[in-house]
Amino acid sequence: MTPLVLILLAAAPTSPGYPAYQKANTLFVEQKFNESFAAIEEALRLDPKLVPALTLKAKLAMAVNRFDVARQSLLQALAIDPTAEYAQFLYGMEAFLTNDTEQAMLRFRKARQLNPSDAHAALYLGLTTESLGQTEEALSLYQEAVRLEQAAGKPKAETLLPGARLLLLLGRLDECERWIHQALKLSPNLRDTHFEFARLLLQKGDAAKAAEEGEMALRLSGGTVTDVQIHYLLIRAWQKNGSPKRAAEHAETVRALETAVQK
Amino acid sequence: MCSRLVALALVFAGFAGPTASPPQIRFEEIAAKVGLRFELRNAAAGQFHQIELTGGGVAVLDYNNDGCTDIFFTNGAAIPSLRKTGPEYHNRLFRNNCDMTFTDVTEEAGLAGEGYSMAAAIGDFDNDGFTDIFLTGVKRNTLYRNLGNGRFADITAKAGVDGTDPKFGKMWSVSAGWLDYDNDGWLDLFISNYVVWDPAKEPRCGTPEQQFYCHPNVYQGLPDQLFHNNHDGTFTDVSQSSGISRHIGKGMGVAFADVDGDGLISIFVANDSVRSFLFRNQGNGTFKEAGLEAGVALREDGYAIAGMGADFRDFDNDGKPDLVVSGMINDSFLLFHNLGGGHGFDDYSQRTGLLMATRQLTGWSLGMYDFDNDGWKDIFFALSHLVELGRYMGRDSALANRVFRNVEGKRFDDVSAAAGAGFQQSGMHRGAAFADFDNDGRIDAVVSVVNGPAKLFHNITASKSHWLAIKLQGRRSNRQGLGATVRVHLPDGRDLYNQATTSVGYASSSEALVRFGLGPNPLAEKIEIRWPGRGVQQLTNVPADRITEVIEEVKP
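Protein chains in written order, with my numbering: chain A, 1 to 263; chain B, 1 to 556.
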């Protein structure tokens with residue numbers, strides 16, 4: 001259950017805007033953004049102070065890169081209810097996604113104060129902290145996010161990956177491997193995890209296994225790692241593995257993808 | 001035999017052995033004191049034109065052959081006219097008076113220029129012994145021929161290098177460099193082009209309340225260009241036939257080197273937010289883009305950094321040119337180690353400590369030089385975040401530059417904090433060029449600053465190490481010997497490697513001399529020069545602490 005759904009359940013059903021808001025949320029889940037937006041507008045017409053509706057409006061706005069609208073809605077929501085933890089988290093996301101790291105830091109910190117058991121807030125505060133160069137603090141926030149998810153009985157592979165990536169950058173390969181193995185155990189078919197594992201293996205000098213993991217990542221869909229990233233890894237893995245032909249095939253695929261984008 | 005004994009005696013007299021702590025690399029910022037008064041004007045006026053972010057190239061050259069290195073700065077222009085509407089936009093040439101003072105000789109040299117200039121590339125394209133200047137700019141490139149009498153003539157049209165592309169027309173060129181790609185003894189010209197840009201169609205980015213510069217992905221990329229020298233003061237555009245223009249990028253810094261030891265110069269282009277190019281010279285007038293296969297196209301995780309400056313240098317003295325590339329905050333700067341034998345490069349950014357040490361920096365020009373003459377090349381980065389990015393970061397966009405000391409080819413230590421008070425001053429640094437302006441054997445740096453006074457970092461490192469600079473004069477090769485590689489064998493058994501190139505960093509041009517820090521060795525036991533045409537020349541027992549001129553031997 002996502003925090004948003006929890007907020008929905010907690011929202012006062014007595015609000016005249018609530019049914020329209022419920023409809024908007026259903027449409028949002030179905031990714032019918034235009035219809036959802038219309039329903040949200042209706043909900044807010046009926047009850048301009050309906051915090052969950054303002055929060056959903058912000059989420060919708062962010063989905064279509066209207067960060068100005070999102071910020072406005074969240075500011076309204078937080079003015080009505082300063083303890084609205086999910087609104088506060090989204091307010092942090094708005095800053096994070098617009099690269100306003102200083103504001104993101106402040107807002108995520110506040111989100112953590114409002115809900116210390118929110119793993120997302122810890123994770124994104126970690127990402128913000130890392131982008132500001134504070135690697136040790138970031139690592140401990142990633143650990144905290146993992147701990148919170150485990151405590152809630154819902155550990156996720158995706159939450160382990162930022163920490164694994166940072167450990168790889170820091171050259172702490174054994175720790176990185178532990179995090180990746182945990183992630184693989186939780187989600188054996190997550191593309192990003194296999195990609196990170198392949199990077200780690202390549203750094204450790206096991207090009208054959210890196211190529212195997214990379215090829216597996218390429219077969220899997222979803223995640224945030226792009227095909228180009230995986231092909232680039234595979235070029236190097238196959239080269240080191242004594243298969244320049246396989247490497248060249250991946251290079252040509254990247255060039256074909258670039259040509260398609262340019263056209 | 002006698003000279004050999006003298007050489008050995010010198011070796012042992014000067015051999016102090018390893019010291020407990022190496023001398024600290026130190027600079028004194030002396031621009032104002034020595035008459036180097038220049039402000040780079042980008043003409044920003046709240047309209048967030050993309051061109052305001054780039055430019056600022058600096059070049060060093062000895063235009064009057066007096067043995068003292070002079071300085072040339074490029075400058076902006078009014079927007080949207082792209083005209084140099086007043087002297088504040090003039091490009092500037094400063095003559096080195098050979099006493100570490102400089103005089104502005106722009107007017108008499110005829111170099112004030114026109115248009116929104118970006119980079120300067122220095123090379124003696126007509127082999128007459130006087131270095132010429134090629135300028136890139138926004139829809140205007142200019143070739144100035146050095147007339148040898150203190151004046152330069154704009155010969156762009158006659159030379160056929162105004163850069164008009166059959167498809168894109170006049171383009172926005174950022175960097176350029178001189179190389180002899182076909183080893184015919186004449187310098188050819190490579191130009192990196194950035195994005196399609198029109199002041200009348202500048203996209204609006206940021207938020208409705210707060211406009212900001214657009215990300216490069218909002219603009220269409222451009223092909224790079226290559227011009228072949230026809231040996232008669234004209235050039236032929238071979239961008240298409242060479243295969244160069246087949247690739248669309250967002251070109252920033254360019255660097256040249258014989259990456260696989262086959263005697264042919266290849267070309268690296270640092271692209272902004274799309275993958276970088278390595279144009280491998282096929283030896284038949286064509287190039288194969290092989291950045292992906294060579295492992296220099298992207299960061300280790302497959303991410304395209306905002307590539308800025310680049311320099312090919314051998315950081316670990318294994319005889320193969322490595323590659324350093326600067327980028328934007330959270331990109332990290334990249335160091336690629338050349339594996340040799342055409343096997344490409346390995347990303348050494350992490351294992352040498354550069355990756356994390358540069359993650360919070362935004363770098364423009366750079367240069368890998370041995371600032372403390374210990375025999376290991378260090379790295380100087382000219383830094384600043386994008387203007388107004390500071391608002392998002394909660395910190396100033398202006399940054400102090402950084403210098404990283406090369407620890408025996410294994411790692412780079414940031415030694416900036418102790419590099420002198422002037423070095424700590426932040427600024428909107430852009431271009432940087434490297435030369436020894438006072439001929440004391442310690443390499444200095446000149447840096448341009450957006451809307452601020454340029455800086456001259458005089459190297460005052462208290463090192464007792466010896467040095468050697470080799471001034472090449474090609475006869476069969478191009479006059480400056482650009483593209484030549486030099487190996488120096490030292491009495492302590494070490495071999496050092498370097499190459500002749502002026503194409504260093506971002507939009508900038510550095511001295512053509514091939515420099516070596518010799519550490520405690522007072523001479524080079526053997527010097528081996530591989531000229532671009534593959535001729536090899538050797539010298540023995542060359543004394544240190546001087547510039548040695550070497551004229552190419554031409555055997556019948």
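Don't take each hint at face value.
As the list claims (entries may be wrong) - Here are the simulated distance ranges between beta carbons: (1) D66(B) to L106(A): 55 to 65 Å; (2) D66(B) to L97(A): 54 to 64 Å; (3) R204(B) to Q113(A): 51 to 61 Å; (4) Q282(B) to L97(A): 22 to 32 Å; (5) R83(B) to G222(A): 51 to 61 Å.
What the hints assert, rightly or not - Below, simulated BS3-like cross-link-like pairs (lysine-lysine); rule was C-alpha separation at most 25 Å, straight line: (6) K204(A) to K410(B); (7) K158(B) to K201(B); (8) K471(B) to K410(B); (9) K201(B) to K245(A); (10) K209(A) to K245(A); (11) K170(B) to K139(B).
Claimed, not checked - One-sided excerpt, in silico: chain A residues whose CB lies under 10 Å from chain B: (12) Y18; (13) L78; (14) I80; (15) D81.
Hints were generated in silico from the structure; no laboratory data involved. Beta carbons are placed, not taken as given, at the ideal position from N, Cα and C, and that holds for glycine.
**Q.** Earlier hints that do not hold, by number
**A.** 3, 4, 7, 8, 9, 12, 13, 14, 15
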